[in-house]
Amino acid sequence: MNNLLIPNPKEAESIHIIREVAAQFERPVLLFSGGKDSITLVRLAQKAFYPARIPFPLLHVDTGHNFPETIEFRDRLVEELGLELIVRNVQDSIDQGKVREERGRYSSRNSLQTTTLLDAIEEFKFDACIGGARRDEEKARAKERVFSVRDDFGQWDEKNQRPELFDMLNGKIHNGQNVRCFPISNWTELDVWEYIKTENIEIPSIYFAHEREVFLRDGMIWTANEHVFREAHEEVLVKMVRFRTVGDMTCTAAVFSEAVSLDDVVGEIRDSSISERGARIDDKRSEAAMEKRKKVGYF
Amino acid sequence: MSENRKLIKIATAGSVDDGKSTLIGRLLYDTKSLTTDKIEAIERSSKQRGYDYLDFSLATDGLVAEREQGITIDVAHIYFNTDKTNFIVADTPGHVEYTRNMVTGASTSQVAIILIDARKGVIEQTYRHFFISNLLRISHVVVAINKMDLVNYDEEVYLKIKADFDALVAKSDFTEDQITFIPVSALKGENIARQSEEMPWYVGNTLLDHLEVLEPADLQEHSVARFPVQYVIRPKTEAWHDFRGFSGMLYGGNLKVGDEVTLLPSMNTSTIKSIHYFDQEIQEAAPGSSIAITLDTEVDLSRGDMLVKSSSVPRSEKQLTATICQVNSKPLRVGGKYILQHGVNRVLAKVDQIESRIHTDFTGTETADQLKLNDIGRVHFRLSKPIHFDTYKENKANGSFILIEEGEYDTVSVGFIE
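Chains A and B are the protein sequences, given in the same order.
Under my numbering, the first sequence has 333 at position 281, and the numbering climbs by one with no breaks.
Under my numbering, the second sequence has 936 at position 120, and the numbering climbs by one with no breaks.
Worth flagging that the hints you see were computed from the coordinates, not collected in a lab.
Small disclaimer: the values here were computed from a predicted structure and weren't measured.
Keep in mind that a hint or two might mislead.
No farther apart than 30 Å at their CA atoms in a straight line, the calculated lysine-lysine pairs in the DSS-like style are these [stated by the list, open to error]:
{"no.": "1", "chain 1": "A", "residue 1": "195", "chain 2": "B", "residue 2": "1146"}
{"no.": "2", "chain 1": "B", "residue 1": "1201", "chain 2": "A", "residue 2": "195"}
{"no.": "3", "chain 1": "B", "residue 1": "1125", "chain 2": "B", "residue 2": "1004"}
{"no.": "4", "chain 1": "A", "residue 1": "195", "chain 2": "B", "residue 2": "1004"}
{"no.": "5", "chain 1": "B", "residue 1": "863", "chain 2": "B", "residue 2": "822"}
{"no.": "6", "chain 1": "B", "residue 1": "900", "chain 2": "A", "residue 2": "249"}
{"no.": "7", "chain 1": "A", "residue 1": "195", "chain 2": "B", "residue 2": "900"}
{"no.": "8", "chain 1": "A", "residue 1": "177", "chain 2": "B", "residue 2": "1052"}
{"no.": "9", "chain 1": "A", "residue 1": "195", "chain 2": "B", "residue 2": "822"}
{"no.": "10", "chain 1": "B", "residue 1": "987", "chain 2": "B", "residue 2": "1212"}
{"no.": "11", "chain 1": "B", "residue 1": "1004", "chain 2": "B", "residue 2": "900"}
{"no.": "12", "chain 1": "B", "residue 1": "848", "chain 2": "A", "residue 2": "249"}
{"no.": "13", "chain 1": "A", "residue 1": "291", "chain 2": "A", "residue 2": "249"}
{"no.": "14", "chain 1": "B", "residue 1": "1188", "chain 2": "A", "residue 2": "195"}
{"no.": "15", "chain 1": "A", "residue 1": "249", "chain 2": "B", "residue 2": "825"}
{"no.": "16", "chain 1": "B", "residue 1": "863", "chain 2": "B", "residue 2": "936"}
{"no.": "17", "chain 1": "A", "residue 1": "195", "chain 2": "B", "residue 2": "863"}
{"no.": "18", "chain 1": "B", "residue 1": "1212", "chain 2": "A", "residue 2": "195"}
{"no.": "19", "chain 1": "A", "residue 1": "249", "chain 2": "B", "residue 2": "822"}
{"no.": "20", "chain 1": "B", "residue 1": "848", "chain 2": "A", "residue 2": "291"}
Could you put together the complete structure from these sequences and hints?
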């Protein structure tokens, strides 16, 4: 038995937030992408409710263009922890004519996810969506609240946010509204990696260096396969790469890396000179890209 | 996570003109917290605007509207670290809605950096920043006297400002050792991370060195244990059939197995049987821990109730007096009804009397029939049920609350119990 618990303040805060979500809302859901941030959320949720099971389901909005390693990992995690997983597919939204597939060089299903997500929220009447967004990721996220109220259209009004004082969270909403909840708001990318290492949390293999068929465009390393648009002259190379952030294949660029262990990865992040979202193709579209997506309901 | 790195939370106070964003940008740059792509973005933006130096303020100004207006309009959180310390900076803007934003930012911070433009000295705004630091009982204040490059790094200017500020300190609850003065030039990086050769007369630490020597243990309040029940854990599984864990965050002091505790509001007593942190059983927990507690006896305890040591029970009352800061454009009025959220507990509250509006420049009070956005005042409330509180002076977490209005459920006020 341990003698005295000295809390890790960021972890303790996150557990506090997750418990507030479970207590204040009737139908919360954890948005699970299979990326390191949502995997960290699952660990924190386990800690918040142990020895009980996590009292809410996971929702994965599958673009159909996810890395197979991520999907395989997701299914194993859900199985091992006895979690409830809901999957909704962007392909279905396309088939229903609700969104149209993008065309051309930068086509991606990333922004189409928003419609599928909002539909799922409506279908299951979720009143709180727990996400792994962090304020250090991007400038527009720096002002995001821990509890971020969205209207019936999932929209974010950055001028009209509830101030958050001390650690008191106000999740009171009207029917039809919902709240995006961000328990690891105050974590940095390095915090997440150090936590994964300390806690020995398993993550998908694509976070570690591996050989992959890729091609280079705009100074970024793109995955070469049937889901990613490639010009005839864009040559496919086999390189040692890893991913720092794991989203849809069409919006996630790789980095050259030799990091094969968590120690290597943490070292690499510590010395890194490129920000995590620097490898997000969706953010390169414009400086205000994230803010614009958030306003229409992207989490 | 960074077991060996301590966490320091800072609020910055000052207007755009004082170079606050530049100071933060400079801290990020000097601690190599800005990545190549961010530096490139700053270079690009600076060039586009025709600046002949790097505009570090662009590192922190987030939203499109703000970039267009060139001012920050809300609380932004910024993160950086050194080998020894993780820092969280709550950057609050200095314009009209200043009080609201600084109160919000300071409520989660242990340290405040108050910026003063060396050319302007202590101005009305400085009074306000310091007043809020005093109201929120910030543990430590750093007075950064900025733009020293524009006053020829003159020690006389620094000493004059320090003397003026000391006169303010005398009017506050702060002691001198809680305040540190540092002359800096954020733009040039003087005394930020690098000891300035321009100011050999200043022998103290650079801003960054000073922030690094602060110890979280010294910045934490030492009070008595308060454990508001946040969520009751009932696994209902074979292995944990009878488990009833009361989960929550511990504030103010330690709790340990075997402690005799009193449960509020029932006033029943029990003994702590076990303390759980995930799959570990621990003997004792320090403040700030998110834990689950089981008790020796079957008790009726649910969310919003409180567990305390029997040796120090808080007040339980249906009436209270508090200093209120209005954080929403809807004013607080006599007779107004609100949801009062005290920690994780909610009751209904009615405004009995607005005693006064408090001047934020230490010049006293005036009568008021309402409190508008950014007003601070002394207010008497009547509650639907007793809450179990300490004064804010005794215990920050158990001495503060927010008011939620019943229309849009906006958070309209924050209160500090007297």
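(message) Hint compliance check: list the failing hint numbers for this structure, sorted ascending.
(response) 2, 3, 5
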